[in-house]
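Undergrad: Kindly produce the complete structure, drawing on both the sequences and the hints.
Chain residues, written in single-letter form:
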Amino acid sequence: MRLKLSFEVLGLIALAVLIAIVPRFVSSFTAYELATVGMYFIALLGLSILTGYSGQISLGHGAFMAVGGYTTAVLTVNGVYGHHMRDVWTIPIAGVVAGLAGLLVGIPALRLSGLYLALVTFGIAVSFRQIPLKFDKFLGGTSGKILGLLQTPFGLSASPNDWIYYLTWGIAFVLLVAAWLFVRGKPGRTLKAIRDSEIAATSSGISLARYKTLAFALSAFYAGVAGSLYAIARAYMNPDIFPVVLSVYLVAALALGGVDSFLGLILGAAAIYVLQNRADDVTSWLNHLPHVNLNAQRPGMPDVIFGAVLIVVLILLPTGIGGALRRLFGPLTSRLYSKS
Amino acid sequence: MLVAAFTWTEFAQQVAAGIRQGAVFAGLALALVIIYRSTRAINFAQGEMATFTTFICWSLMNNGLSFWAAFPIVLAIAFVGGIAIERTIIRPVENGPVITIVIVTLGLALLLNGLMSVIWGGGSRPFQGPFSTRTIDVGGVPISVQDIGIVVVSIILVVLLALFFRFTKLGLALRAAALNRDSSELVGVRVGWMLALGWGLAAVLGAVAGMMVAPILFLDPNMMQVILLYAFAAAVLGGLDSPIGAVVGGLLLGVGITLVGRYVGFVGDTLKLPFALLVILIVLVVKPNGLFGRVAVRRV
Amino acid sequence: MLAAAVMTTAAGARPLATPGVTSTQITIGSSVPLSGEAAIAGNVARGIDAYFNYVNAKGGIFGRKLKFVYLDDGYDPGRAVNNTIRLVQQEQVFAMFSSLGTSNNLAVRKLLNDAKVPQLFVSSGATTFGRDYKQYPWTIGYIPPYSEEGAIYGQYIVKRIKKPRIAVLYQNDDYGRDLYGGLRRGLGKKASAIVSKVAYDPSSADVQPQVTQLKASKANVFMIFAFGKFSLQAFNAVSKLGWKPQIFVNDVSAASALMTAVPQNAANGSISIVFGKDPAAPAWRRDKGVRLFQSILKQYGSNIGPRDLQDGYYTAGMATAYTMVDVLKKAGRNLTRDGVMRAATHLTEKGNPFVLPGIVIHTTPTSRFPLTQVKLQRWSARAWHPFGKLLSLRPR
Numbered sequence: 001m002r003l004k005l006s007f008e009v010l011g012l013i014a015l016a017v018l019i020a021i022v023p024r025f026v027s028s029f030t031a032y033e034l035a036t037v038g039m040y041f042i043a044l045l046g047l048s049i050l051t052g053y054s055g056q057i058s059l060g061h062g063a064f065m066a067v068g069g070y071t072t073a074v075l076t077v078n079g080v081y082g083h084h085m086r087d088v089w090t091i092p093i094a095g096v097v098a099g100l101a102g103l104l105v106g107i108p109a110l111r112l113s114g115l116y117l118a119l120v121t122f123g124i125a126v127s128f129r130q131i132p133l134k135f136d137k138f139l140g141g142t143s144g145k146i147l148g149l150l151q152t153p154f155g156l157s158a159s160p161n162d163w164i165y166y167l168t169w170g171i172a173f174v175l176l177v178a179a180w181l182f183v184r185g186k187p188g189r190t191l192k193a194i195r196d197s198e199i200a201a202t203s204s205g206i207s208l209a210r211y212k213t214l215a216f217a218l219s220a221f222y223a224g225v226a227g228s229l230y231a232i233a234r235a236y237m238n239p240d241i242f243p244v245v246l247s248v249y250l251v252a253a254l255a256l257g258g259v260d261s262f263l264g265l266i267l268g269a270a271a272i273y274v275l276q277n278r279a280d281d282v283t284s285w286l287n288h289l290p291h292v293n294l295n296a297q298r299p300g301m302p303d304v305i306f307g308a309v310l311i312v313v314l315i316l317l318p319t320g321i322g323g324a325l326r327r328l329f330g331p332l333t334s335r336l337y338s339k340s
Numbered sequence: 001m002l003v004a005a006f007t008w009t010e011f012a013q014q015v016a017a018g019i020r021q022g023a024v025f026a027g028l029a030l031a032l033v034i035i036y037r038s039t040r041a042i043n044f045a046q047g048e049m050a051t052f053t054t055f056i057c058w059s060l061m062n063n064g065l066s067f068w069a070a071f072p073i074v075l076a077i078a079f080v081g082g083i084a085i086e087r088t089i090i091r092p093v094e095n096g097p098v099i100t101i102v103i104v105t106l107g108l109a110l111l112l113n114g115l116m117s118v119i120w121g122g123g124s125r126p127f128q129g130p131f132s133t134r135t136i137d138v139g140g141v142p143i144s145v146q147d148i149g150i151v152v153v154s155i156i157l158v159v160l161l162a163l164f165f166r167f168t169k170l171g172l173a174l175r176a177a178a179l180n181r182d183s184s185e186l187v188g189v190r191v192g193w194m195l196a197l198g199w200g201l202a203a204v205l206g207a208v209a210g211m212m213v214a215p216i217l218f219l220d221p222n223m224m225q226v227i228l229l230y231a232f233a234a235a236v237l238g239g240l241d242s243p244i245g246a247v248v249g250g251l252l253l254g255v256g257i258t259l260v261g262r263y264v265g266f267v268g269d270t271l272k273l274p275f276a277l278l279v280i281l282i283v284l285v286v287k288p289n290g291l292f293g294r295v296a297v298r299r300v
Numbered sequence: 001m002l003a004a005a006v007m008t009t010a011a012g013a014r015p016l017a018t019p020g021v022t023s024t025q026i027t028i029g030s031s032v033p034l035s036g037e038a039a040i041a042g043n044v045a046r047g048i049d050a051y052f053n054y055v056n057a058k059g060g061i062f063g064r065k066l067k068f069v070y071l072d073d074g075y076d077p078g079r080a081v082n083n084t085i086r087l088v089q090q091e092q093v094f095a096m097f098s099s100l101g102t103s104n105n106l107a108v109r110k111l112l113n114d115a116k117v118p119q120l121f122v123s124s125g126a127t128t129f130g131r132d133y134k135q136y137p138w139t140i141g142y143i144p145p146y147s148e149e150g151a152i153y154g155q156y157i158v159k160r161i162k163k164p165r166i167a168v169l170y171q172n173d174d175y176g177r178d179l180y181g182g183l184r185r186g187l188g189k190k191a192s193a194i195v196s197k198v199a200y201d202p203s204s205a206d207v208q209p210q211v212t213q214l215k216a217s218k219a220n221v222f223m224i225f226a227f228g229k230f231s232l233q234a235f236n237a238v239s240k241l242g243w244k245p246q247i248f249v250n251d252v253s254a255a256s257a258l259m260t261a262v263p264q265n266a267a268n269g270s271i272s273i274v275f276g277k278d279p280a281a282p283a284w285r286r287d288k289g290v291r292l293f294q295s296i297l298k299q300y301g302s303n304i305g306p307r308d309l310q311d312g313y314y315t316a317g318m319a320t321a322y323t324m325v326d327v328l329k330k331a332g333r334n335l336t337r338d339g340v341m342r343a344a345t346h347l348t349e350k351g352n353p354f355v356l357p358g359i360v361i362h363t364t365p366t367s368r369f370p371l372t373q374v375k376l377q378r379w380s381a382r383a384w385h386p387f388g389k390l391l392s393l394r395p396r
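Protein chains in written order, with my numbering: chain V, 1 to 340; chain U, 1 to 300; chain H, 1 to 396.
Hint data in this document are derived by calculation from the structure and do not stem from the laboratory. Every value quoted in this text rests on a predicted model; they were computed, and no experiment measured them. Warning: the hint list may mix true and false statements.
Derived list of chain V stretches under chain U, where covered just means 3 residues or more per stretch with a C-beta under 8 Å from a C-beta of chain U [what the hints assert, rightly or not]:
| id | stretch |
| --- | --- |
| 1 | 107-113 |
| 2 | 169-179 |
| 3 | 293-303 |
For every residue, glycine included, the Cβ atom is placed at its ideal position computed from N, Cα and C.
TA: Next up, the structure:
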């Protein structure tokens, strides 16, 4: 046990070092791309707390990212009583607002078994974009809200791209450690107990409601932080920034990566980035293969591959790629999802 | 005042539009219910399956077939396709956690959506349906042949399905397999194939819904995405395991959102989708089994 | 895949005097929908690409070949931002050109202006792209502003339609509201003739309920300020309700390919504006410009089918590309971003073969609306027929 703990601590330190030195070896634009990967990673971390440790599923995390993004947009552009906040300070607030939204969903979610929760959260993902359209004077409607450009604050000497990279991965690291502590501590153990058997957990005096709601709120907090960072990096927010398909990608990436493998989550985040932003590159790589001749003006092949890989992985490796790797390297008794 | 005042003619036309919309919701909701009954999961790829088969119909018509010549071919393809999907990708995870099945259907949705984009390209395209847009006079109110046709086709389909479930051996076996697997197997029902048959039927229902709605919505790979949420709401409203419920839920929702969107200023067109979500939430909290669902023991 | 993302780092291209310009090549970027509902509008970019290939085959511009990098955004502004950042930072484009969509261009305007990257001839009729040059000196529009288009319809109604009762269907965003505002301005004192207006939301399933509501107002004029499939649905609904109003349909939804797809009993007699040569219109069947367009597309386009040769989105793209080539020539051998902006704002282009005869594309530093002349056209016998003389707009 102690040995394993120190392994994990060493792993975290290695990750910190890696995060710190990567920008030295890549171009400024790559740092910017990696920052975006970091944002998806943060959202996936939140989702893994929800799914991996409380057995709930959310197909609506794109909407919580949007709540975070809009919070940042409103605080920096509209301001509060004419006081425009600096974007960095809005990040925790965005997380809290999204967390509160998660709390709101988490309460009725208690009454819903896994399947119904999937339905409701999917509904949230599909219909959330109507809210900024309805309140378009305040939230900008389809034209969106244009934020201040990404700038390096506090007189630091980093380029804006490096700045957003360090900011994102710094936050990701802190949130990763927080998730790790959460999972190892009492709440995590309790949630695992709930996941494995709600009845047993309830009869041993665990307050089911409190912990499940807490998990939902916490995971929405993570999504909100990720959404806030995304809006800051793009200097733009509108109802389509976090589309329905992103919510689907997040769940899919989680299933692919494996809920309790942090390495798997990073791979999942990278996959989302490629699908959302570099799908054309995938198409042109594929065209280098023999007998492949895809029409670059008909995008879609990356989605076909992703969908197919997802299905195959779920059939063959029910704990995801990350989970399978973990089982290779160390025994870890964990199941992907509870039966619900 | 720029909002047109209330007239009975308009009200009747709105209701007609609502019923037509509801018929489409009902078709897709029915497909969801049939799959729910056989697999205990929700098929998030239902919308994409429907659109895919509609694209096949479009291709056939592009190659010179008339709509009614293409129609049975498409239904056959949908039926076989639905069975094939169940056998190949649902079967291996059938006994796993429900969420795994849900994620597999999400993967299927991504795959099919991408495939449509690769084969047919994006962009809305017109789809020549079987019914003309000409109007006929129904009690002083002009109603289009198209709207009437869609509702009639849906009614025929529901009646056929009801007869199948009630009076054929296969239909009975299918119901039995959905209700109780183990005892069905004991009396010799091949449960595995029954479940696949459920998927086949659902695919057929989706195909009909797609081909009916495409002349109105225009065909593109994302055509059914919004409709799918309404179909979810309809299925939940009627009770996820009740076919009658799906039909009633679909019609209620179709008429409901049309009228609410028209006459409740705050909702308007913008909040129709959140309204459907609200319906889902209220039903789940107040009456989780829906209007017609059986009282189910909550499995924890 | 992370590793792959790292690998794609270009060999740290060192910034040149002018990014995107070498002695042999000019790189130009664009973000357009190639997937999603609006994918057909992506043909604008394919038309541009074909025309640039044609120019390259004839030797390029001062010996430099044009490299046109256009990325798919699915008509989603979020992805348009991603694409633009990538094009500017990684592909090191010289300028952004003809990106499509109002929100998509608004989303990146500040970013491009801050980086002093020209945002040329955006494919959107929002007035702001031509009007707000003091704040955004690196941005310029191309097509006639939507508000002016609305005003033209208003003026026509005042002059030609007796006792108009006007019903308006408009998209609930800047684009729809610009058209509606323009209509009111064009109607002037007759604005009270608007008896009903209903907005629809771009996420709507179907606009039939809205059209039903509009019909109930007993209007005899119906304005379709709707995009793409919603415009098609509106025509459908008109036919399905047995309504027979005079229809006006806004330019971006009036492509011939779309109009032939709707019930003709509703479409016949509809009025719209036109400024480009529509290859499907009988008026231009023997026109030199359209023939040139078709031969270029056949020879230099990729994956071109017979339908594409009749597609007005391609000609629209070529018209813009023609202007762009003019601008690049005018900017001179010593190409800079400043220089290209100067050229783009001092344009007097006559004889663009892809726009209506007589149209002069004209800009000055304080008047940044290149296309300000249009004609009206009427739909009959499955084709558009231009009528009347060239009308001049005065955007403000």
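Undergrad: If a hint holds in the structure, say so; if it doesn't, say that too.
TA: We went through each hint and held it up to the structure:
{"no.": "1", "hint": "107-113", "verdict": "holds (count 4)"}
{"no.": "2", "hint": "169-179", "verdict": "violated (count 0)"}
{"no.": "3", "hint": "293-303", "verdict": "holds (count 9)"}
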